[in-house]
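Asks: Sequence:
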Amino acid sequence: MLIKIEDIEFDPKDIMQLYPAAVIKTGDGDETTQVSMQWIENEGKGKVDLVGYGIFVHLGEDDVHEFMFDTKEEMDAVSAHIAEQIKNRRDGR
Numbered sequence: 007m008l009i010k011i012e013d014i015e016f017d018p019k020d021i022m023q024l025y026p027a028a029v030i031k032t033g034d035g036d037e038t039t040q041v042s043m044q045w046i047e048n049e050g051k052g053k054v055d056l057v058g059y060g061i062f063v064h065l066g067e068d069d070v071h072e073f074m075f076d077t078k079e080e081m082d083a084v085s086a087h088i089a090e091q092i093k094n095r096r097d098g099r
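Residue numbers (the working numbering): 7 to 99.
It cannot be assumed that every hint is accurate.
Label pairs and their computed distance ranges (CB to CB) [claimed, not checked]:
#	residue 1	residue 2	range
1	Gly35	Ile14	24 to 34 angstroms
2	Glu49	Arg95	30 to 40 angstroms
3	Gly98	Glu47	33 to 43 angstroms
4	Met22	Val57	19 to 29 angstroms
5	Asn48	Asn94	31 to 41 angstroms
Listed next, the in silico BS3-like pairs over lysine-lysine satisfying Cα-Cα at most 30 angstroms (straight line) [said to hold, decoys possible]:
#	residue 1	residue 2
6	Lys93	Lys78
7	Lys53	Lys10
8	Lys19	Lys78
9	Lys10	Lys93
Hints are computed from structural coordinates only; laboratory data are not their basis.
Ideal placement from N, C-alpha and C gives every residue a C-beta, glycine not left out.
Input sequences plus hints: build the corresponding full structure.
Replies: If you want it as structure tokens, here you go:
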């Protein structure tokens, strides 16, 4: 069974990493970087320029798919859908 995120399907055995993150500006032009959700919620609020939120799927060193969202709620909804797909796969549905 494949896991679908937006319009892209992934074979779970090919996924090396799958994680949510906040995306902030680094201060160097338009450059951005990922920070953990825990950091942005506990340390970064009001201290950094938040660009948005993302779900990142690493299939290999140079094969990364980024799914960006304007709000944490949008990202959380997609994360819940991913979790449901994984649960259904595990349960044999």
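Asks: If a hint holds in the structure, say so; if it does not, say that too.
Replies: How the hints compare with the structure:
| no. | hint | verdict |
| --- | --- | --- |
| 1 | Gly35 <-> Ile14: 24 to 34 angstroms | 29 angstroms, holds |
| 2 | Glu49 <-> Arg95: 30 to 40 angstroms | 35 angstroms, holds |
| 3 | Gly98 <-> Glu47: 33 to 43 angstroms | 35 angstroms, holds |
| 4 | Met22 <-> Val57: 19 to 29 angstroms | 24 angstroms, holds |
| 5 | Asn48 <-> Asn94: 31 to 41 angstroms | 33 angstroms, holds |
| 6 | Lys93 <-> Lys78 | 22 angstroms, holds |
| 7 | Lys53 <-> Lys10 | 34 angstroms, violated |
| 8 | Lys19 <-> Lys78 | 27 angstroms, holds |
| 9 | Lys10 <-> Lys93 | 13 angstroms, holds |
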